[in-house]
Amino acid sequence: MSKASAPGPRALRKAAAALTEAELKALLTYVRTRTNDKLLAIAAGKPKAKPKTKPVPQGLTAEILALMQPILGPAQEKAELLLDACGAPPEVKAKTLGEALRKLRRTKSDDQIRATAQELMARIAKRHGMRETVT
Amino acid sequence: MTASAYLAFEPEDQALADTIGAALVADGLSYAVPTADTRRLEQSSILAAAVADSRSLVAILSDASGRAQTAKRETLAALNNGRPVVPVLASDGASQSWGGLPLDLDAAIDLRAGPSPERLAAVAAAVRAAHAPGRVVAMLNIKGGVGKTVLSANLFSAAHLFDHRSVAFIDLDPQHNLSQYFLPAEERNELRAENRTIYGVMMAKGPNAAARSEFLNLAAPINRSRGMGRGQFDLLVGDERLFEFTLDEPATVDKHAAFARFQALIAALRARYSVVVIDVNPCATFLTRCAIAAADHIVAPVRPEKYSLTGLTMLEQVVRAVRGRPVKPSEFTVVLNGVNDRTRSPLPGDVDAFTRAEIAAAPFFGSTLIETAIPYSGALRAAPMDRFVVNPINVTALMRERQRDVKDSLARAAAEILKRAGAA
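Protein chains in written order, with the working numbering: chain A, 1 to 135; chain B, 1 to 424.
Honestly, the hints are just simulated from the structure, not real lab data.
Glycine included, every Cβ here is placed at the ideal spot set by N, Cα and C.
Listed below are several chain A residues computed to face chain B (Cβ distance under 8 Å; list not exhaustive):
no., residue
1, Leu-72
2, Gly-73
3, Glu-77
4, Glu-80
5, Leu-81
6, Ala-125
7, Arg-127
8, His-128
9, Arg-131
10, Glu-132
Negatives, chain B to chain A, calculated, CB over 12 Å:
no., residue
11, Val-25
12, Gln-69
13, Leu-216
Work out the full structure, taking the sequences as your base and the hints as a guide.
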């Protein structure tokens with residue numbers, strides 16, 4: 001049976017209502033034994049779409065993400081901090097660290113970006129730590 | 001109808017008062033004058049209410065008003081009710097005899113040579129300048145631990161982020177928790193070293209005193225997102241040395257001068273920001289008086305617990321005492337804070353409903369409780385933090401909380417408060 005000519009679930013239910021108990025049993029047995037039939041697929045409905053999974057950051061991206069994780073704030077602000085620290089012109093914008101790294105890699109090596117990010121975090125740790133102490 | 005200015009003068013200065021009044025009317029302003037009733041000493045609360053009904057006060061400083069008491073009482077009532085005072089100097093010796101009041105006599109308009117059209121225009125301009133649209137809100141409950149500090153930070157962050165309000169916070173609590181909430185210790189210490197804390201405002205003399213001309217530049221920006229600068233979301237940092245102003249016998253501090261300087265700060269901030277928020281310590285001290293006197297509106301957070309209610313009752317008494325007149329429910333907003341807090345009560349729904357019912361049934365505060373309650377949220381706790389904060393606004397629940405209902409409640413409550421406070 002082609003897909004176009006397969007009866008829909010509503011048509012099947014209508015057909016089943018007109019059958020005797022014996023006829024219905026025979027039909028169900030027929031459906032169970034013919035597992036590849038397109039009729040079954042139509043009756044079962046569309047399969048659930050798999051949830052999209054974000055790609056796990058790798059390499060330098062993962063490293064910079066982990067390094068900048070202690071900063072409290074949205075990804076865009078972290079990306080801006082990194083761009084500023086690397087001396088990117090103000091018109092260069094990024095919404096995520098990944099995007100910032102892609103843009104920075106056009107002009108800088110991974111080692112340069114890594115070193116700048118480490119310096120930036122050292123400065124931030126010294127000045128912006130929210131830990132309170134007792135004197 | 002609310003008058004633009006109340007003219008405070010003694011009967012001997014009636015002619016000058018009439019001239020000033022005519023100049024105000026010619027400039028499109030209105031004025032009110034004392035009546036026989038308000039001049040009677042035993043009617044001080046009527047006098048205070050009449051003064052508070054005007055938007056500013058013009059005090060005629062003359063020999064007659066220096067000797068008598070009525071104009072001084074009217075001026076004090078204005079100072080205690082957040083009404084800007086425009087001093088007008090009418091005779092040579094007046095400034096000495098008025099020295100007992102916390103007035104900014106350096107800014108007095110000099111009419112000693114007679115009321116020339118230029119000088120009268122200066123009076124009208126000063127009255128007009130006193131009508132800045134910014135609203136001053138004090139976060140206050142005599143009971144501590146009700147969430148004043150964290151709630152003020154989050155409510156007015158919501159007003160800034162969702163309603164695009166320009167907000168200035170003043171941390172007037174010696175414990176300076178609001179400053180701790182937003183800024184790391186390193187930055188607070190830097191600001192303190194530069195005399196850019198509220199202590200510099202309150203100190204009139206000495207190496208820690210900030211120049212009056214610098215008052216608008218003392219606040220630190222606390223929304224440092226790109227495109228944001230000073231004047232949008234700022235904090236005048238607190239300072240633990242403020243405790244000197246809470247002691248009985250200040251050896252080193254001049255409370256009169258501090259009061260006048262605080263009023264000058266408020267006038268400057270009111271002209272720049274749409275909302276000025278004062279976070280005050282939870283008791284009744286000189287600092288509380290400064291905040292109450294400056295505030296257009298008082299927001300009292302209440303926890304769903306019985307002790308909060310006592311703090312609320314005391315609040316009305318303290319505000320009435322400072323303002324020297326009966327206060328109106330429309331001058332307050334009560335916010336139920338931390339509802340559904342299962343960590344505090346095994347029966348949260350009952351406690352919340354009980355507290356709401358108690359306040360709703362109260363004769364004075366019944367109409368002040370807003371519908372929106374702030375749900376309990378981990379992001380609204382001032383928990384110790386081992387993170388780095390480059391942009392201070394990121395510490396607020398608006399930026400950290402994932403639960404939509406908490407953000408929505410803050411935004412709704414902020415809008416309700418600003419509406420009650422008369423913010424345009």
